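Note that the protein sequences, when read in sequence, are chains A and B. Note that the first sequence covers residues 3 to 114 in our numbering. Note that the second sequence covers residues 32 to 148 in our numbering.
No lab work stands behind these hints, which were simulated from the structure alone. In this text the structure is predicted, and so the values were computed from the model without any measurement. Backbone N, C-alpha and C define an ideal beta-carbon position, used for all residues, glycine too. Incorrect hints may appear among the rest.
Claimed, not checked - Each computed BS3-like pair below joins lysine-lysine, with the alpha-carbon atoms no more than 25 Å apart:
#1 K88/B / K4/A
#2 K58/A / K111/A
#3 K69/A / K111/A
#4 K88/B / K42/B
#5 K88/B / K58/A
#6 K58/A / K69/A
Unchecked claim - Which chain A residues stay away from chain B? Per the calculated CB distances, all over 10 Å, these:
#7 A19
#8 N24
#9 E47
#10 T64
#11 G105
#12 T106
Said to hold, decoys possible - A few chain A residues that don't get close to chain B, going by computed Cβ distances all over 12 Å:
#13 L13
#14 S14
#15 I20
#16 Y34
#17 R62
#18 Q66
#19 K69
#20 F77
#21 S84
#22 D85
#23 S86
#24 L90
#25 Q109
#26 L110
#27 E113
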Amino acid sequence: QKEVEQDPGPLSVPEGAIVSLNCTYSNSAFQYFMWYRQYSRKGPELLMYTYSSGNKEDGRFTAQVDKSSKYISLFIRDSQPSDSATYLCAMRVTGGGNKLTFGTGTQLKVEL
Amino acid sequence: DTGVSQDPRHKITKRGQNVTFRCDPISEHNRLYWYRQTLGQGPEFLTYFQNEAQLEKSRLLSDRFSAERPKGSFSTLEIQRTEQGDSAMYLCASSLSFAGQGYNEQFFGPGTRLTVL
Chain A
3 QKEVEQDPGP
13 LSVPEGAIVS
23 LNCTYSNSAF
33 QYFMWYRQYS
43 RKGPELLMYT
53 YSSGNKEDGR
63 FTAQVDKSSK
73 YISLFIRDSQ
83 PSDSATYLCA
93 MRVTGGGNKL
103 TFGTGTQLKV
113 EL
Chain B
32 DTGVSQDPRH
42 KITKRGQNVT
52 FRCDPISEHN
62 RLYWYRQTLG
72 QGPEFLTYFQ
82 NEAQLEKSRL
92 LSDRFSAERP
102 KGSFSTLEIQ
112 RTEQGDSAMY
122 LCASSLSFAG
132 QGYNEQFFGP
142 GTRLTVL
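Based on the sequences and whatever the hints tell you, model everything.
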């Protein structure tokens, strides 16, 4: 079983929809939780990070972490065709070289 | 462009050949990471450097793989005797890390796509 599980999709939604992306994990030592966006044949780019449990909002994006359930979410409001990409969750422990453990990524398509 | 750069962007090679990739991190970033991403999967950690010291290697990094960062700036990743299973995107990332710091962002390069025939 992988340390981080993520539904690969693909997920197709109409423009303007609210998108919910999720990951579960097994390592209780994870303290930093990140969401990356990756366009086809490009490197990942950081969208948001959260330390420990709680919510964080940035424009149309909201990240939630529930450490008790080992469950994290990313919500995208008013989705746009330009949001079409693969969304990767990533996690790391405190210290330990800061290496990231990624989920498989969820492929999202926002249709006009 | 002051981001992470990688060269080449694409490499096609025959099984058994050696290949070398280069990564130039963001200037003054002291940490450099290598990840491998296969189709439909997330990136997997391979190794990382703090300045010129290689501090950790994943068990994914077989003895056919070697990475260097000789002067604490650019890094190279060499794969000897390539196998078809080595076909993947090889991603480099860099960050600025210092004592007492909490979060530090890893900035990723565009990757080198390797195809082993």
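ask   = In terms of Cβ atoms, is chain B entirely out of 10 Å range of A19/A?
value = holds (24 Å)
Is the Cβ of N24/A more than 10 Å away from each Cβ in chain B?
Correct as stated: the minimum Cβ-Cβ distance to chain B is 14 Å, above 10 Å.
query = Taking 12 Å as the cut and beta carbons as the points, is I20/A off the interface with chain B?
reply = Nearest chain B Cβ is 24 Å from I20/A, so the label holds.
- Item | Restraint status (C-alpha distance of K88/B to K42/B at most 25 Å) | Roughly 23 Å separates the two Cα atoms, so the pair holds.
F77/A and chain B, when compared Cβ to Cβ, separated by more than 12 Å: holds (20 Å)
*asked:* K88/B and K58/A were given as a pair; does the straight-line alpha-carbon distance stay at or below 25 Å?
replied: violated (33 Å)
- Task: Report holds if the minimum CB distance from L110/A to chain B is greater than 12 Å, and violated otherwise.
- Result: holds (14 Å)
Confirm or reject the statement that S84/A sits farther than 12 Å, beta carbon to beta carbon, from all of chain B.
holds (19 Å)
Is the Cβ of Y34/A more than 12 Å away from each Cβ in chain B? violated (6 Å)
Note to self: K58/A and K69/A were given as a pair; does the straight-line alpha-carbon distance stay at or below 25 Å?
What the structure shows: holds (14 Å)
Q109/A remote from chain B - nearest C-beta pair above 12 Å: Not fine: 9 Å to the nearest Cβ puts Q109/A too close to chain B.
Q. Does the claim that Q66/A lies off the interface hold, with its Cβ farther than 12 Å from every Cβ of chain B?
A. For Q66/A, whose nearest Cβ neighbour in chain B is about 17 Å away, the distance exceeds 12 Å, so it holds.
In terms of the numbered hints stated before, the structure departs from hints 3, 5, 9, 11, 12, 16, 24 and 25, listed from lowest to highest.
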